[in-house]
Amino acid sequence: MTTRMGKSPVIFLLGVLLVFFACKEDQQPEPDVPNGTGNTPEVIIPDLRVMTFNIHLANPPSAGTKRDLPAIARIINTANPDVVALQEVDRYTQRSGMNVHQAKELGKLTNMHSFYVKAMDVFNGGEYGIAILSRFPILDSVGYELPADPKVGGEMRKLAVVRIALPDGREVVFAGTHLDHKSEENRLYQGKRILDILKREKRPVVLAGDFNALPSSLTLNLFDGYLTRTCQHNCSPTFPAHNPKSAIDFIMYRTTDKVRVASHAIVLDSYASDHLPVIAGLKFN
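In the numbering used here, the protein residues as written are 267 to 551.
You may find that some hints are simply not true.
Stated by the list, open to error - With a Cα cut of at most 30 Å, we get these calculated DSS-like pairs of lysine-lysine:
hint	residue 1	residue 2
1	LYS468	LYS524
2	LYS374	LYS417
3	LYS370	LYS384
4	LYS332	LYS374
5	LYS524	LYS465
6	LYS417	LYS524
7	LYS417	LYS370
8	LYS549	LYS524
9	LYS468	LYS549
10	LYS524	LYS374
11	LYS465	LYS384
12	LYS332	LYS511
13	LYS448	LYS458
14	LYS384	LYS468
15	LYS448	LYS511
16	LYS458	LYS384
17	LYS384	LYS448
18	LYS417	LYS448
19	LYS332	LYS370
20	LYS549	LYS370
21	LYS417	LYS384
22	LYS465	LYS448
23	LYS458	LYS524
24	LYS332	LYS384
25	LYS511	LYS458
26	LYS465	LYS549
27	LYS549	LYS458
Bear in mind the hints are in silico, worked out from the structure with no lab data behind them. Keep in mind the model is a prediction, meaning the values are calculated, not measured.
Based on the sequences and whatever the hints tell you, model everything.
Shown next as structure tokens:
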């Protein structure tokens with residue numbers, strides 16, 4: 267489905283809602299119910315709705331150099347997540363506006379708290395990195411360096427980590443990242459660093475982001491040894507947004523935490539970014 271949000275917001279909203287409610291996949295198995303008992307499967311009400319979204323600098327692939335933060339915000343607002351991991355986010359850059367802090371602007375447009383972490387400086391001024399949006403207050407936040415493997419070389423990446431409290435007072439650690447796009451060696455090197463950091467956490471852990479790695483890759487195999495993806499089999503492709511072919515954007519939770527997946531969906535919008543957002547509902551038992 268191709269949606270041009272700027273031209274027809276009503277069609278866009280209806281289309282996203284239709285996709286969101288129709289595209290649930292890879293949910294955890296429902297309890298077995300004997301035939302003829304009249305019982306219905308358990309409905310899981312999520313405690314936390316999580317999204318990951320590579321926003322491509324808020325630059326729609328079909329729009330030249332245009333930046334369209336409202337298009338990104340409309341997708342987020344329609345899906346209504348509690349926390350969002352954002353990748354490819356500019357701050358005060360010439361290419362995206364020297365006075366524009368994209369994470370803060372998206373926070374305003376979505377009525378969410380924002381936390382930005384710089385991954386690198388941009389050659390013509392400003393910064394490029396990742397961010398987290400949260401509907402709940404951010405109690406604590408930190409950014410960690412994810413350097414490239416010295417044997418390989420490459421770009422610095424980051425891990426953004428926040429601590430939030432659910433409405434019932436339980437605290438959750440939410441982390442977002444964007445791994446190297448060129449080298450499996452670097453993704454493994456960065457992945458091991460992420461796991462070393464997250465293993466220190468005593469609270470439930472959720473990790474989301476653009477991993478630039480397929481489910482069959484060594485990188486995802488590394489994460490699967492410690493975390494559980496919200497899509498376990500036949501994960502729907504998320505890149506490129508127009509005619510997607512590769513599943514590289516994921517939401518994960520620590521396997522040892524008592525978590526159930528209430529829903530998992532891909533939002534099919536090919537205008538706003540070159541990636542499709544992923545959203546999942548999680549229940550903490």
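Going down the list of hints, with the structure as the test:
1. LYS468 x LYS524: Given that 30 Å is the threshold and the Cα spacing comes to 13 Å, the pair holds.
2. LYS374 x LYS417: 42 Å, violated
3. LYS370 x LYS384: Within the cut-off at roughly 13 Å; holds.
4. LYS332 x LYS374: 20 Å, holds
5. LYS524 x LYS465: Roughly 16 Å between the alpha carbons, so the hint for LYS524 and LYS465 holds.
6. LYS417 x LYS524: At roughly 38 Å apart (the allowed maximum being 30 Å), LYS524 and LYS417 break the hint.
7. LYS417 x LYS370: 36 Å, violated
8. LYS549 x LYS524: 8 Å, holds
9. LYS468 x LYS549: Given that 30 Å is the threshold and the Cα spacing comes to 17 Å, the pair holds.
10. LYS524 x LYS374: Distance of about 33 Å is beyond 30 Å: violated.
11. LYS465 x LYS384: 23 Å, holds
12. LYS332 x LYS511: 25 Å, holds
13. LYS448 x LYS458: 17 Å, holds
14. LYS384 x LYS468: With Cα atoms ~26 Å apart, LYS384 and LYS468 stay inside 30 Å; holds.
15. LYS448 x LYS511: Distance ~18 Å between LYS448 and LYS511 Cα, so the pair holds.
16. LYS458 x LYS384: 20 Å, holds
17. LYS384 x LYS448: 19 Å, holds
18. LYS417 x LYS448: 14 Å, holds
19. LYS332 x LYS370: 19 Å, holds
20. LYS549 x LYS370: 28 Å, holds
21. LYS417 x LYS384: 23 Å, holds
22. LYS465 x LYS448: Holds, at roughly 26 Å.
23. LYS458 x LYS524: It holds: about 23 Å lies between the C-alpha atoms, which stays within 30 Å.
24. LYS332 x LYS384: It holds: about 22 Å lies between the C-alpha atoms, which stays within 30 Å.
25. LYS511 x LYS458: Holds, at about 27 Å.
26. LYS465 x LYS549: Holds. LYS465 to LYS549 sits at ~21 Å (cutoff 30 Å).
27. LYS549 x LYS458: 27 Å, holds
Checked against the numbered hints above, the structure violates hints 2, 6, 7, 10; every other hint is satisfied.
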